[in-house]
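Chains as they are written, first to last, in this note's numbering: chain Y, 1469 to 1578; chain W, 25 to 140.
Calculated from the structure, these hints are not laboratory results. Do not rely on the hints blindly, as some may be mistaken.
Stated by the list, open to error - Here are the computed lysine-lysine pairs in the DSS-like style, where the Cα-Cα straight-line distance is at most 27 Å:
#  : chain 1 : residue 1 : chain 2 : residue 2
1  : W       : K44       : W       : K90
2  : W       : K65       : W       : K44
3  : Y       : K1524     : W       : K38
4  : W       : K44       : W       : K88
5  : W       : K90       : Y       : K1535
6  : W       : K88       : W       : K38
7  : W       : K38       : Y       : K1535
8  : Y       : K1535     : Y       : K1524
9  : W       : K44       : W       : K79
10 : W       : K65       : W       : K79
11 : W       : K90       : W       : K65
12 : Y       : K1524     : W       : K88
13 : Y       : K1535     : W       : K79
Here is what each chain is made of, one letter per residue.
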Amino acid sequence: QKEVEQNSGPLSVPEGAIASLNCTYSDRGSQSFFWYRQYSGKSPELIMFIYSNGDKEDGRFTAQLNKASQYVSLLIRDSQPSDSATYLCAVNPAGNQFYFGTGTSLTVIP
Amino acid sequence: GAVVSQHPSWVICKSGTSVKIECRSLDFQATTMFWYRQFPKQSLMLMATSNEGSKATYEQGVEKDKFLINHASLTLSTLTVTSAHPEDSSFYICSASGGQVTGELFFGEGSRLTVL
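Using the sequences and the accompanying hints, generate a full structural model.
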């Protein structure tokens, strides 16, 4: 079993819709969770981080964490074509360990 | 946010030569840096974890004699691809931890290596 699993997609949503990206992780003791966005040919950039169960909102982005079920999700409201990218889920179980999912490719259709 | 700078952004070299890629944390001290490789349309693959002043820890399957990593200071780590071959052509990305947010990783811009 992989440490972090994501649906590779591709996920397509129309402009203005809500895009929902999901991620599950195996290490129940994980404490920190991150969502990165990666445009083609570019390096990842941090979108959101979350440590506590529940929702965390930042603009059009909402991260949701459920430690009991070991999943973390990212919702993108009012999706824009510029949101089209690969979204990487990352988990930091402890110290300097980081595990990345394979990424979900999102396409927002104008 | 914290800044990690990677250089060069693009490099083309002949087969058999060596290439050095630098990764610098510009406004914070990076106790740990990570080196990744990414092939087209594939996910990040962690190559090694580098701690300042100590030997890098390589992931399984990554040849430490081919991919030399040096982390001589808290702001600089280098990756040298020795005796490069066309199959080493890839996008190499560094990241660093040690910023204000616990556990946050900051990524360099990436270096695209093409070996002819």
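Cross-check of the supplied hints:
Restraint check for K44 of chain W and K90 of chain W: satisfied, since their Cα atoms lie roughly 12 Å apart, inside the 27 Å limit. Distance restraint check for K65 of chain W and K44 of chain W: the Cα-Cα separation of roughly 24 Å lies within the 27 Å cut-off, and the hinted pair is therefore satisfied. Restraint check: the Cα-Cα separation between K1524 of chain Y and K38 of chain W comes to about 49 Å, which exceeds 27 Å; the hinted pair is violated. With a C-alpha separation of about 14 Å, the suggested pair K44 of chain W and K88 of chain W falls inside the 27 Å cut-off, and the hint holds.
Restraint check for K90 of chain W and K1535 of chain Y: the C-alpha separation of about 40 Å exceeds 27 Å, so the hint is violated. The hinted pair formed by K88 of chain W and K38 of chain W meets the criterion: a straight-line CA distance of about 21 Å does not exceed 27 Å. As the CA atoms of K38 of chain W and K1535 of chain Y are separated by approximately 49 Å, the hinted pair breaks the 27 Å bound. Proximity of K1535 of chain Y to K1524 of chain Y is assessed by CA-CA distance (about 14 Å); at most 27 Å being required, the pair is judged to hold.
Distance hint between K44 of chain W and K79 of chain W is fulfilled; the C-alpha atoms sit about 17 Å from each other, no more than 27 Å. Of the supplied pair hints, the one linking K65 of chain W and K79 of chain W is violated, its CA atoms being roughly 31 Å apart against a limit of 27 Å. Between K90 of chain W and K65 of chain W, the direct Cα distance comes to roughly 24 Å. Compliance with the 27 Å bound is thereby established for this hinted pair. Among the hinted pairs, K1524 of chain Y with K88 of chain W is inconsistent with the structure: their alpha-carbon atoms are about 40 Å apart, more than 27 Å.
Of the supplied pair hints, the one linking K1535 of chain Y and K79 of chain W is violated, its CA atoms being roughly 34 Å apart against a limit of 27 Å.
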